[in-house]
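Using the hints, position chain B against chain A.
These protein sequences, in sequence, are chains A and B.
With our numbering applied, the first sequence corresponds to residues 1 to 234, in that order.
With our numbering applied, the second sequence corresponds to residues 1 to 99, in that order.
FYI, nobody ran anything at the bench for these hints, they're computed from the structure.
Listed below are the simulated DSBU-like cross-link pairs for lysine-lysine, each with C-alpha atoms no more than 35 Å apart in a straight line:
| # | chain 1 | residue 1 | chain 2 | residue 2 |
| --- | --- | --- | --- | --- |
| 1 | A | K192 | B | K66 |
| 2 | A | K123 | B | K66 |
| 3 | B | K66 | A | K103 |
Covered by chain A, according to a simulated footprint, are these stretches of chain B (three or more residues, beta-carbon under 8 Å):
| # | stretch |
| --- | --- |
| 4 | 9-20 |
| 5 | 24-35 |
| 6 | 38-52 |
| 7 | 66-73 |
| 8 | 79-86 |
Going by beta-carbon spacing under 7 Å, a handful of chain A positions derived as facing chain B:
| # | residue |
| --- | --- |
| 9 | L40 |
| 10 | A77 |
| 11 | A81 |
Positions of the beta carbon are idealized from the N, C-alpha and C atoms, including for glycine.
Residue strings, one per chain:
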Amino acid sequence: MADTHVVDAEHAHSPHLRHHFDDMHQQFDSDTFGMWVFLLTEIMFFGGMFGAYTVYRSMYPEAFAATSNFMNPAFGAANTAVLIVSSLTMALAVRASHLGQQKLLQWMLVFTMIFGLAFLVIKGFEYHEHWVDMKVPLFPGHWSWTGPEAPPQFAHEAQILFCFYFFMTGFHALHMLVGLGIMTTLLVMARKGTFTPAYYAPVEVSGLYWHFVDIVWIFLFPLLYLIGHTKKLI
Amino acid sequence: MHPVTPVRTYVLIWLTLTILTFVTFYVSTINLGALNIVVALGIAFTKMMLVIWFFMHVRTDNPLTKLFVFAGFFWMAILLTMTLGDYFSRTWMPLGKFW
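Looking at chain A on its own, in the form it has when it is part of the complex:
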């Protein structure tokens, strides 16, 4: 702690210090705290959907399990792995900005964006598969529930799960897009040399956002893809 205070004293006049804060240390704590308050509202946003999912799944457990068989867990698992790698590169980007390693910071931001994009591309293939399979409810002509794996008594409930699927993964993908926008902004700022060991809070709080979006997916993966238990995985 003693060391960090020496650094703070040196940068007490930092151009990034807003006048209502005592020092960079206090400003950093306020920045991360503010981001957590925002993330709490995000927990409420996604929490509502998870809550509704829980209610409907407890009402129609067999129907949800049967419908889950129409989702491709290989895609889901690949996307989970991709997102976890992007979280690692994001954490390393924050670390690099903290240590003033400018080149490493830029590279880690680029890698984070590449993995984020890879996630969205895989998601796009998956949505395309559902479109071709006619598993898109609410879209006239793109829903069909036939075949040996589609028990006719679940025709109604299957559409409920697919609605949950598209709303939850859709809002998650929207958050990924916003995250990619944030990463682009960070990269531009990093290339201008904005971030220093005394001022890296924007990278830190963007990291919090990115990791949060990762956590949402960590729950979406088992709840949407892995409740079938009867099919082959790949």
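This is chain B only, laid out in the frame that chain A set:
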């Protein structure tokens, strides 16, 4: 500000998260009955805690931030218990076998 976390720690956390992803993937092929959901959510919860504690630096955050992170969990618990409490204690809808 946070102390600098060694790269080694981040890589180890990433490795653990990846292994847990494979575990949850393969365990889902085994039918454990009522335990299916317990195992799946248990692994997801563990992964979330690792991300929050290490990647999101809550480990070294001040008590106020820690309290707010906890408040997030607490709110989620209120939402789920009260909503499910309502659905299970009234005869609003026909309920299937739980899970």
